[in-house]
Amino acid sequence: MESPCIDVCEIDPVTDRCEGCGRTLDEIAEWSTYSPQERRRTMAELEATRRRSTDGW
1 MESPCIDVCE IDPVTDRCEG CGRTLDEIAE WSTYSPQERR RTMAELEATR RRSTDGW
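Sequence positions in the sequence shown follow the working numbering and run 1 to 57.
Derived by calculation from the structure, the hints in this document are not laboratory data.
Treat the hints loosely; a few may be bogus.
[As the list claims (entries may be wrong)] Label-pair distances were calculated between CB atoms; the ranges are:
1. Pro13 to Pro36: 14 to 22 Å
2. Ala48 to Val8: 29 to 37 Å
3. Val14 to Pro36: 28 to 36 Å
4. Arg41 to Asp16: 17 to 25 Å
5. Gln37 to Pro13: 13 to 21 Å
6. Ala48 to Ile11: 29 to 37 Å
7. Val14 to Ser35: 25 to 33 Å
8. Pro13 to Ser35: 14 to 22 Å
9. Asp12 to Met43: 27 to 35 Å
10. Gln37 to Val14: 27 to 35 Å
11. Tyr34 to Asp7: 27 to 35 Å
12. Ala48 to Asp16: 16 to 24 Å
13. Glu38 to Asp16: 16 to 24 Å
The model shown is predicted, which means the values in this text are computed figures rather than measured ones.
We put the beta carbon where it would ideally sit given N, CA and C, even for glycine.
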């Protein structure tokens, strides 16, 4: 299954996002229910967010 997980699983208390992949806890919990299209869309959104940020997620 396609996933942005890089095995750095720590939730930032300020952003509520995983330090490794950038997903929220809800996105992580629901990931296995996403269709392939939803996964690709979410991964593209995560990448765009990461690129805009100057200090990680």
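Indices of hints not satisfied (ascending): Of the numbered hints, 1, 2, 5, 6, 8, 9 and 11 do not hold.
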